[in-house]
Structures are given as C-alpha cells and as structure tokens.
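A.B. asks: Chains A and B, in that order, are what the protein sequence lines are. Taken in order, the first sequence gives residues 851 to 1286; the numbers are from the working numbering. Taken in order, the second sequence gives residues 1243 to 1418; the numbers are from the working numbering.
To be clear, the hints were calculated from the coordinates, so they are not data collected in a lab. Ideal placement from N, C-alpha and C gives every residue a C-beta, glycine not left out.
Short, incomplete list of chain B residues facing chain A, as computed with Cβ under 10 Å:
#, residue
1, 1282
2, 1285
3, 1286
4, 1316
5, 1323
6, 1342
7, 1348
8, 1353
9, 1354
10, 1359
11, 1385
12, 1386
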Amino acid sequence: MDPIKVLTANIDKPNSTSIDTYVAGGGYESARKALGMKWEEIIQLVKDSELRGRGGAGFPTGMKWSFVPRNAPRPTYLLCNADEAEPGTFKDRVIIEKDPHLLIEGMIIAAYAIGSNPMAYIYIRGEFHYGAMVLIKALEEARERGFLGKGIFGTNFDFDITVHRGAGAYICGEETGLIESVEGHRGQPRVKPPFPAVVGVFGGPTVVQNVETLACVPHIVRNGADWFKSFGSPKNTGPKLYCVSGKVKKPGVYEFPMGITLKELIYDHCGGISGDRKLKAVIPGGASAPMLKPDEIDLPLNFDAVMKAGSMLGSAGIIVLDETVCIVDAVWRLAKFFAHESCGQCTPCREGTNWMESVLDRLERGEGRKEDADLLLDMADNIGGKSLCALGDAAIGPVISSVKKFRDEYLHHVEHKSCLPGTTRYRRLDMPVGAH
Amino acid sequence: MADLHPDNPYSKERFADPAKRVEFPPEAKKKFEHILTRYPTKEAALLPTLHLVQELWGWISPEAVHYVGELLELSPATVFGVVSFYDMYDQKPVGKYRLRVCTNLSCMVSNAYDIYEHLCERLHVDPHETTKDGRFTVLEVECLGSCGTAPVVQVNNDYHESMSVEKMDALLEKLT
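Please put together the full structure from these sequences, using the hints given.
C.D. replies: Okay, structure coming up:
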C-alpha cells in the first residue's frame, strides 16, 4: 500500500500555516459550499462517508451530530479535542502546527451542521504552547478574511473560535473531563447519561470532536462521501494518520488509507526494527491498547480488525518494542503514567492504578513474589468497568495483555530477581521519587 | 507546632499572607478583561487566568490564588483545588528554566532516563527541585506528544526533540 497525502497534503508546503497558502490550495471553499447547504444534508453526507471519530473510540461522527437536539433550552457547543496526551500519539500536533486552517475549516462546517452557538473552543493541551500560538495566529487571519465572525461567507451564521489551553492533565482528553475543564473545574469526568450531546458544556448540547476527525470534514464536503469511502474498507473508511514510535528505524507520522497492516507499516514503511533486532511486542493504539505479539501483527489497522484481535486502534499511536526491552519495565512505565493521571474520583481506579504500579516496581526491584502475576490480573479485574470513565479500563489493557502474553518474563523476575538476559531496564532504581 | 514541609498543604507556606496582596498590572488586567469576553461564565475563565498569573509571576502563590478568587467570584478553596489538579501550575517558586523531561514509554526506550538522571546529577538537584542559584528545575513529566522524535525535553515553552545527554549538555550551556 502506498502512502497518501490527504490530511497531510499541505504540511510540506512552505508557509503551510499561512492562510494564503491554504486558500491557494482551495482552502475554505468547502466551508463556503457547506454553508450553502442545509444542515441536514451535511449530517447525511458525513453519515454516508462512514467517518468514525479519530480520538480513540471510533464512534460514527455523523450519528454523533444527529443526536444533538435542535431546540434545546441552552446554546449548542462544538468543542475540538486537541488534548493529545495518549502516550505514543502525535498526529494532531502535526495538523495543528502545520495546517491549522484545515482544522478551523472543519470546525466551521461541523458547527454549522450541529447548529452551534457563535462560540466554539479548541481545547489544546497546555504543553503545546507553540501549537496554541499557531492556532491563535491562524484564527486571527481567518477573522481578517471574514471566515470567522459575524455573518460568515455572506450568510447569517455567526461563528468564532477560542483557544482554551489545558494545563497538564491527561484526563481532560476524556470528553466529559474536557467539558469540566472548559468550565473552569478540575477535569474530573461526569456520570453519563446525560451524554454531552444532550447536556454538555455550560448545560448545552455539546459535540466533542478530535482534531483529525474535524480535519477530515472539509475533504468530505469537497469530494463527497463516495470518494471518502474509497479509502479503507466498509465501516472503516477514510485516510488515517498513524504515529509510529519506539524501536523502529524511521519513526514518525504516516498517512495511509485506513487498514494498512501493522506488519507492512513497521517493516516496509518505517524501515523495520532498530538495529535489525527482533520484534517483541507492539502497542497498536496508544498506551491504553493491549499489546500484540509478533505473530499477531499481520493485522489491518482499522477499528474493527484491531478490536477483533483483542486490542484497539485507539488513537493509532503505535509503540514498537524490540527484544531488548524488558516487558515488566515497559508495563511499569505505563502503569506509572495511569497512576499519575488518574483523576482520583473513583476509588477502584485511584487506588488500583497505584497498586499496580507498586507491584510492577517491586518485580523490577527483584522483590517480586510468585503470585504477583496473578495478583496483577486480580487487581485489573477489580478496576475494569468499575469507574466512571475509561481511564481505569485503559490502565489495565497493557497489564492484562502483558501478563497473559509474557508470563514467563514476569516469572523470571520473581525467580532470578532480575530482568531477562539481553533485556534492559532503562531507569536507575536508586533515584529519589520526585514530589508531584 | 513544628514547621511542616512546604509541600504539605497545611504548611504555613501554603497560606496567603494578608500583608502581601497582589494585583495584575494594567497590561495583564487588559488581557484578563479580554479573557472574560470569550466565555459565557466567569468561572470558565479560571484556567486562562491562572496561565496569565503564572506567565506574570512565574508561579501561583497563595496570594495569587486569593486574588484570582476575588476576580472570578470563586472561593480560594475552589481556585486552589483547580491549581493543585493540573500539573503545569506551579505551587511553589521554580527555576528560570523548567526542564521537563518526558520519560514515558517511547522516550524511555530512547534513553530519556539517562538525560533525566544526568540532569539531576550535573545540576545537583533532586527530581522536581530547583537548583540553589534558582536557574533550573528538573521535572519528570508524562508524554509530551513528541514520541516520533523521542526523547524530548521541554524547556519552559519550547520543545527540544531527538535529545541526547550530549545535546542536553550543549543546551544547558546556552541557558544562562
């Protein structure tokens, strides 16, 4: 399969962030066209394209838009989720930093289709300071051209966008956590239902959409649903950005029609494993996704196929681990991440993630007990499905899959009080733990 | 009562000193007024206002917490709750340069811990502490979204990608 350039069409152009470059390539014509259509037609078009949310859950976008009530007592909001914090994921940053107008145009169309009030927000993670500056400049350019503001494109549709910077909390990428954070609260997810489409930010119906999803929308409006469906397979359509990192020769963001196999991506396009070593495990969809072993990688990277293989495509953050990586060490690092990022609201997640980290740490320190592998599975069982949001479920993904697929390596840590020969532990064990 | 560690929420450092009232200078006040126009509620302006405080004063002091509370009609407890929830808001003074080393999985397998440990050693600081000269604070952080160019170190707002111990040393020389 050859790489394509749809979402990444502009990123290599000189001055790719400038509105002149974007307009010269036909930019904002889709928004102009969309605003001449009926909102029902746009939603139908997006439904027909079978576009699914690129943030991780893969929920059909058109269906999400159609859930929004048209006569709600409070204004409707569109929120763009640019809180890209899933370890292994760095695709949205490319769009934000290199082609911000594509995102803005997608937001204009989405806002018109859902009947948004005149203000939408881009929730960008606080660390992306540069990205936020690029967006603010791009928004200013769009306002100067009359693409944002009062009565855009000569219609009676008023629309503007504010960049809302987060401040370092992974949980704010969860849609109700993000809504809380926009409202100025701690980013603790809400009980659902009511779902955001009915009661979301500031009490109004709310659509939260990932950057890449919104970036697909102008292309669908311009080229039609059938063109969009010509990429990928039924129900898993469209161009897709894949982020590959870890032990490969050429890490980076790659764009392919959805459904390239993991094997082809790693070996044909990313140059194979660093140092031509052997592959040990792949995480196909960001830290939350269960690991796959080398014999499982002949797998099309689309939502349904990866799900069927017992993992998830998630945000398509592919982390490649080679034979030199100690699996217990790698899983410890992910467990530490989830323990740090648990918002503390639900007891099973808040306590469980910390205990999983502790047990993995003691295995690494050679203080593990022979029942620890089963203990981890038992802990995971007490976290999964027992908290308000998906963070707890995400935290157990790498733990369960690694214990099941690499149990020997866990036992080796208990029996020999060390990592498998030939594998590395990357950290020193005598470092004091920083207060946080 | 014995003095508590400054990180303890009940230590005296965590309480506002009534003698040390703070206030935005006119320029920041203007920015704050602009922020208010972008949201339907005052409370929603809290995160951007706290960013403004941190840009201005370098960290978010207990006095600033009270001041922001007054501006947005929120209790200091509510403001403090938000400040303590988000990692990027510093609750104590930090160095001129925050060295935020990502050590999450993709960076870890690209030897990010070597950089992190080297920084602590070379600068003679414990993790998350500030050097005596007030120049550097070394922080271990979670994924910065730059896994394709791992390891990454964020110095204040700027990303430095594909780092190594040598490159980090060269960078430190430039940060004066």
